[in-house]
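Going down the list, the protein sequences come from chains E and P. With the working numbering, you'll find the first sequence wraps up at 121, consecutive numbering, no jumps. With the working numbering, you'll find the second sequence wraps up at 1599, consecutive numbering, no jumps.
Check each hint, because a few of them may be wrong.
Stated by the list, open to error - Cross-link-like lysine-lysine pairs, in silico, DSS-like; alpha carbons within 25 Å at most: (1) P:K1470 with P:K1592; (2) P:K1592 with E:K114; (3) P:K1470 with E:K82; (4) P:K1488 with P:K1470; (5) P:K1477 with P:K1540; (6) P:K1540 with E:K46; (7) E:K20 with P:K1503; (8) P:K1574 with E:K82; (9) E:K46 with P:K1477; (10) P:K1587 with P:K1574; (11) E:K46 with P:K1503; (12) E:K114 with E:K20.
Unchecked claim - Selected chain P positions facing chain E (in silico; Cβ < 8 Å): (13) G1464; (14) P1535; (15) L1585; (16) I1596.
The hints are simulated quantities; they were obtained by calculation from the structure and are not laboratory data. Computed from a predicted model, the values in this text were never measured in an experiment. Backbone N, C-alpha and C define an ideal beta-carbon position, used for all residues, glycine too.
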Amino acid sequence: MNVFLKTFDSLNITGKMLTLLSNNNSVITNNISNSDTPGYVKQNTNFEQVMGSIRSPIETPLAKRMGPNPMLVEDGGKVVLEEEITNMQRNFLLYNLVTRRAGSLVTTIKSMAQVGR
Amino acid sequence: MTLLNSFHIGLRGLLAQSKRLEVYTKNIANADTPNYKRQIPILTPAEDISFKALLARAKENVFSSGIKSSVPGAVDMPGVILDPTPGEKVYMPGHPDADENGYVTMSNVTILNEMADATMTTKAYEAILSIMSLTKQMGQKATEIGRG
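With the hints as constraints, model all of the structure from the sequences given.
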């Protein structure tokens, strides 16, 4: 695989990561909305499982193209508002980090495309 | 786009919490009304019933166990229940609401409880607002990818 295609591949992965993080954002929103709901069980995104499935050789081509399926796990606890706010800020920082990475990948691809001009 | 989904969930959360605050306000306003029964708002987690969510859930039932849903729902406030606690009886023979023995049943609202619940609701509302504003910033970051 040449460098150009590899860069595109990285860009794809950052895209999937962004989808995953924004899905995690909805999960956190849901937890916060339900912070006072009796009987509600806190949900979490299972990052290990998703990130593992992105590169796994046993995944089918279709599953790879569809991207990571954000698995939710109910972790049996009650919603702690402070914890959720911390998670929300962490998720926001990660999202910023990944968008910056995606931006620099786009810049790389642009400058590659201009080689020799 | 999953970020818009966050906004949708947040909006439903805001609506439910403000409806809840309305109930507490009504209780406080009626704290001195004879025969008034305190209303308790019910909150339930709402399931997402879009086609995508149902399909994801059906797939999970086949392929994996222990995972409930891959699409988060929201929160709903379907209604209120009446607090069955009997209100305090006060002896006021001339009162139009008095029974044959001259006792008036007052409301069973404790203002302190209602104030505490209302404060909790306000905090939850603020938390939802703050995550919605962060979501907005995330969206702005996403539109800036590849610029400049």
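Tested hints:
Under the criterion of a C-alpha separation no larger than 25 Å, the hint pairing P:K1470 with P:K1592 is inconsistent with the structure, at around 33 Å. With a C-alpha separation of about 19 Å, the suggested pairing of P:K1592 with E:K114 holds against the 25 Å cut-off. Distance check on the hinted pair: P:K1470 and E:K82 sit about 23 Å apart at the alpha-carbon level, within 25 Å; holds. A hinted pair counts as satisfied when its Cα atoms are at most 25 Å apart, and P:K1488 with P:K1470 qualifies at roughly 18 Å.
Of the pairs offered as hints, the one joining P:K1477 and P:K1540 holds, with about 21 Å between alpha carbons and a cut-off of 25 Å not exceeded. With a C-alpha separation of about 43 Å, the suggested pair P:K1540 and E:K46 falls outside the 25 Å cut-off, and the hint is violated. The hinted pair formed by E:K20 and P:K1503 meets the criterion: a straight-line CA distance of about 18 Å does not exceed 25 Å. Proposed proximity of P:K1574 and E:K82 is supported: the alpha carbons are some 17 Å apart, at most 25 Å.
Restraint check: the Cα-Cα separation between E:K46 and P:K1477 comes to about 30 Å, which exceeds 25 Å; the hinted pair is violated. Our distance criterion of 25 Å between C-alpha atoms is met by P:K1587 and P:K1574, whose separation comes to about 20 Å. Among the hinted pairs, E:K46 with P:K1503 is consistent with the structure: their alpha-carbon atoms are about 22 Å apart, no more than 25 Å. As the CA atoms of E:K114 and E:K20 are separated by approximately 21 Å, the hinted pair is consistent with the 25 Å bound.
Below 8 Å, beta-carbon pairs count as interface contacts, and P:G1464 has one with chain E at about 3 Å; its hint therefore holds. With a cut of 8 Å, the hint placing P:P1535 at the interface with chain E is violated, because the nearest CB-to-CB distance is about 17 Å. A cut of 8 Å between beta carbons decides the hint on P:L1585: the least distance to chain E is about 5 Å, and the hint holds. For P:I1596, the interface hint holds, since its Cβ comes within 8 Å of a Cβ in chain E; the closest pair sits about 5 Å apart.
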